[in-house]
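Number of protein chains: 4
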Amino acid sequence: MHHLRIGMIGYKFMGKAHSNAYRALPMFFPDALKPEMAILCGRDASAVREAAERLGWPETATDWREVVVREDIDLVDINAPSNAHKEMAIAAAKAGKHIFCEKPLALNLQDSREMLEAAVKAGVAHMVGFNYRFCPAVRLAHKLVESGRLGTIYHFRAWFLQDWILDPDFPLVWRLQKEVAGSGSLGDLGAHIVDLAHYLVGDIEEVIGLSETFIKERPLADQMAGLSAKGSKKAPRGEVTVDDATLFLARFGNGALGSFEATRFAAGHRSTNAFEINGSLGSVKFDFERMNELEVYFTSDDEDVQGFRRILATDPAHEYSEAWWPPGHTIGFEHTFTHEVLELTNAIREGRQPEPNFRDGVKCQAVLEAVERSIAERRWVSIAEM
Amino acid sequence: MHHLRIGMIGYKFMGKAHSNAYRALPMFFPDALKPEMAILCGRDASAVREAAERLGWPETATDWREVVVREDIDLVDINAPSNAHKEMAIAAAKAGKHIFCEKPLALNLQDSREMLEAAVKAGVAHMVGFNYRFCPAVRLAHKLVESGRLGTIYHFRAWFLQDWILDPDFPLVWRLQKEVAGSGSLGDLGAHIVDLAHYLVGDIEEVIGLSETFIKERPLADQMAGLSAKGSKKAPRGEVTVDDATLFLARFGNGALGSFEATRFAAGHRSTNAFEINGSLGSVKFDFERMNELEVYFTSDDEDVQGFRRILATDPAHEYSEAWWPPGHTIGFEHTFTHEVLELTNAIREGRQPEPNFRDGVKCQAVLEAVERSIAERRWVSIAEM
Amino acid sequence: MHHLRIGMIGYKFMGKAHSNAYRALPMFFPDALKPEMAILCGRDASAVREAAERLGWPETATDWREVVVREDIDLVDINAPSNAHKEMAIAAAKAGKHIFCEKPLALNLQDSREMLEAAVKAGVAHMVGFNYRFCPAVRLAHKLVESGRLGTIYHFRAWFLQDWILDPDFPLVWRLQKEVAGSGSLGDLGAHIVDLAHYLVGDIEEVIGLSETFIKERPLADQMAGLSAKGSKKAPRGEVTVDDATLFLARFGNGALGSFEATRFAAGHRSTNAFEINGSLGSVKFDFERMNELEVYFTSDDEDVQGFRRILATDPAHEYSEAWWPPGHTIGFEHTFTHEVLELTNAIREGRQPEPNFRDGVKCQAVLEAVERSIAERRWVSIAEM
Amino acid sequence: MHHLRIGMIGYKFMGKAHSNAYRALPMFFPDALKPEMAILCGRDASAVREAAERLGWPETATDWREVVVREDIDLVDINAPSNAHKEMAIAAAKAGKHIFCEKPLALNLQDSREMLEAAVKAGVAHMVGFNYRFCPAVRLAHKLVESGRLGTIYHFRAWFLQDWILDPDFPLVWRLQKEVAGSGSLGDLGAHIVDLAHYLVGDIEEVIGLSETFIKERPLADQMAGLSAKGSKKAPRGEVTVDDATLFLARFGNGALGSFEATRFAAGHRSTNAFEINGSLGSVKFDFERMNELEVYFTSDDEDVQGFRRILATDPAHEYSEAWWPPGHTIGFEHTFTHEVLELTNAIREGRQPEPNFRDGVKCQAVLEAVERSIAERRWVSIAEM
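The listed protein sequences derive, respectively, from chains A, B, C and D. First residue of the first sequence? That's 1337 in our numbering, and the numbers climb one at a time after it. First residue of the second sequence? That's 1337 in our numbering, and the numbers climb one at a time after it. First residue of the third sequence? That's 1337 in our numbering, and the numbers climb one at a time after it. First residue of the fourth sequence? That's 1337 in our numbering, and the numbers climb one at a time after it.
Since copy identity is lost for identical chains, a pair holds within one copy or between any two.
Below are the DSSO-like pairs computed for lysine-lysine, each with C-alpha atoms no more than 30 angstroms apart in a straight line:
no., residue 1, residue 2
1, Lys1621, Lys1552
2, Lys1621, Lys1566
3, Lys1566, Lys1479
4, Lys1348, Lys1370
5, Lys1552, Lys1479
6, Lys1479, Lys1621
7, Lys1514, Lys1552
8, Lys1430, Lys1370
9, Lys1552, Lys1569
10, Lys1552, Lys1566
None of these hints come from the bench; they were simulated from the model. Predicted, not measured: the structure shown is a model, and the values here were computed from it.
Assemble the whole structure, with the sequences as input and the hints as a guide.
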């Protein structure tokens, strides 16, 4: 097997990011299994043709059911809105296709479990799109934890802060509607930092959360519009049915304490996806706005030169970096996806599951749903009870 | 009244900081009521004499009861260990003395309320030592919130991170013993960020917390030792009876969401007392390790030049700064106390209560105790029920 | 004309960067004239075939003379070592091909002038590869200067700091040999900051410089090796014939003062290409290691909130950014080339010269050569005399 | 000898800074020889009395000639305007008094040499006020260089950037008049970074400079006014006779290359006194606006965690720091003077010369004057020829 033929459903923000990754992979990682962009699928025939032309897909379709069963397709890439994930993934699994599904896996835990079951039963590879794991700086953080260089982990704190709906006249797009998006800041932003917590620290045992919808009604608008939609003060308004911000505390299985915050109301933060880990031997700090950097502290440094080091993760010693440019030459957001696709294709070639896979998606969803329950019932909720 | 005669009880870290402030005040704020350092009190006669010589106190005493009733004393400054505050403050109030008491006001809410009552009944001025309010950069943050320049406040997040007991062999000093210190990171560090929350955002309505003592036993040692005590692997060990770290979530009366973290286990953080406030019109960020700076963001900036500004709060436009040095010449930790003493002396001269006063101390204690109760009972606790 | 057929000579670091840009352009800038990667040329037949496979070129050649005259080629992209530029560019011009030539244009001013003359005479489009102009943050700096928002410019200071040859055993690669590279840090790094000075501030009038070769002999090695070659303590040594570091002062035509530094001996700096501009109304700061950011200061800000703003140049208000990802999602080094190719193709379609073109290359070379003369003759050298 | 009786001439910015240092010394460094503030001298009787009251001097005088010969004075502290230093210092030396003189030592090299000669002849201790040497972070930089931990030094670059006269209507104060101030940015700001270069790297061998007076006329005003004087658009104007900005390149005796810049026209920089040193084994960076921090890089760090460490120089391992506050609690500008006075008193007690002393002042003056000559004669000037 030298090629992996891909059928992709969805062509907006994530569709563009995935397409770019498929195209970049053979150039920067020439030894990888080569993704072949076969067919792009979307409901609007002319829009999907325009996207295919731009993104480099030779063929298009409007009915995803046809795509997922095509004989000449090896992998189905699902980046349609969240409420469509489940049905698509299960159909793809039944058709024996490998699956690459954007996060959140589904609107709720039950659905995501069914997706996992279907994929396991079908024996296909399944991956979930937690792309932030694939920053070289995050890989370095993971390596430092895994190898014990930070010692026993005491604290994980993470916050994903954005400000794109701060304006009360920003319209009621699909991401603000529960029936399509599942949840708001929690599922969109919180999901990423929960996955990072799992990846970097380990399993979460129990949680308690707090959330708020600061702006309760917004102008009605094309609900499919994206992050830069324009609202109108005069338009009729509809109810926002998801959370604008969610915070929660957590206790990890290994005894570490966690603090999480996801909000779309942090003025000045376009996309601050940041975390810090404190261990008995050192600490690390990461901020996605400076995604090539990791700050690292070691207690073992000589006593007169102890301090956080700002490491530019572009040296050959940093995972993925040698494939790109010389040290000091940074990469951008989009290449988290290139690395993600590298992991996906490597796993398929090696006959193993990629990481993160649907199990990670389910585990993340369990935490998110525990957070929601803890908010609704105003109590600590154990992940085990989910 | 041109002088304020002071009797001070305690002469360690805070006693040094207060002495320095009394000495600096007339030089930098020559129009202020002049503090006269009259008598220094401590239990160990030779140690207190040595301290008095060094810190500039002409007279010493070993019995605080004598000091608080002396006719030639106008103000009693209490910076003895926390478990002694209550008795001293009440005695000082009864003797009609103004009181400047270090935080935390007392070991528990009930005690702090009795102290407030005694001070109110006596009609004396009472101040509590939340010194971080007095950084020029924090004053600027307060001014921006108060004046509405940040709009409606949505988020307050604060963390006070230290690492001085990270070493498991650091000894069992008084700050690690509940009967002397009241609590650990919560009362020591958390108290400061709770006060900043009150000062900057407003009243807290309800809280839920999480805490941990990571190192449960430590070498026995001189329990009165300070932050830089040395431990021994071989010494017998005793139980740590306070929290090493405490986190909590909060809802403010005005609808803002709060996240708080206090820990002594954050490797690399010598004393990171940091907060961020996000409002509908802008945000501010502060980190005490760079105490002269405030980062400020305004949504109203031109769309191509929106970003956090790093403001060095050393311009004449910044409170207190003109008294010091030319713009760009920073001040240090110690001058938070000079400004605190300025507020104290101004308030006494003007016949008003200084801010923060015992009411603020009680309010802070109520939140801390609610946090403790929320941890013990694993539930949200309303401040109103305290 | 809907396509631009490209023949490219060279396939190492810059060949990879250019290939990537040609591939990315149609996806992110779908309205641009589409580059068609036609033929890749290099001396080593098997190496060039391997590169073509990886980089996406359908055909290869080993004789550049054949490539530049092919009828089916519209543009010749030259990124071979610097000493080959002149002959290739002149041949391409004579064949009526548009030319995209990497910097430095040539080994000396005379050669670069001949290249410009040939291109002008042939009436072809000519571009020189000063890619740093194409960071969105640098475009913003340019816009602020051009529009007068920084007022009269007083100062420009720039430094391009690297550390890749700090190890005395790093081998004698081609970049360290005058006959191939022309000069060392000056031509490699200094050229970029001189071009930025021209772009951002204006013409330089006179210069005086200082340079040094700290390590005068190095192990002989494959001279064609790149930035990450490995040396050997035991290998025979040869003379380093270029500068390790060059500094110079400059006076601009508009009265501004300039300070420039280029070095490969700045430990800890993988690739710090940084500048600052101070004007009567404001300042900007840029550092390529954080290429998505520009720091901006305005004297007109309210007096209590004056400070450098950290602007993440990823908003729709920033040039090129809307084509990429939502605000806060950064791009990397490689996309400076995508923007460069956008300018190149736009210029060709519009029948104008791209910027920067060979005139800018010549102007840069004149300054570099004036710096070299000023060092050799230990005196101020006017650009006019060159 | 347990006390050092001081007569001080001058009571503005530096007089205040010195007074504060004398007062702070016994409290924070109780083992030091105790400075006794005896008499304050200034020409305006009522102003000097007001200052003495505020700064803590028990006696005043208006004739400095009387002060320097008083039997009960051990040390003369000179912080009057620069043009008065020479006469005062020589008179003090003749009277056998130790001397602490602010920088610049004198208006020119010849005068400063006469001052040194007089002090040497008299056998008194002589110190010059290069206070920036006394930041704990700068001491750490010095220690790292001295101990060889940075290896062979290749580069020193320093810039002292201010913006207090950016407004063209800022008045013609004494610092802008050559006959009083000697020079402008060069003597005021450049002197400090030249001294830091001497302290941190070693002797400078030759220099070449460039300077400019951007605003050539300014409103006449009280010429004795300080940094925050107010100008008027309508006032008659006089000529600015000093440099607004001076830059120069230097070659050190040990082969290192130097770049220096001093300006009062860097918008947004209130007082950025910054330097960087690059050696074969590491680098350090310092910026006075964050005076408690030093950034340090070591080539010997493990290859996956190489980066600049941000060191907060407040640990016991950092010179002076243990005398102040616990780790993480910063000090301010003023305590550079406290440390300076500590060195002064220690040297006097130990019968040695303090560092920096008049020899350092002369050495600095020689460089500044060589820079001026290099500008006037447009050529490299060797320090040896001065």
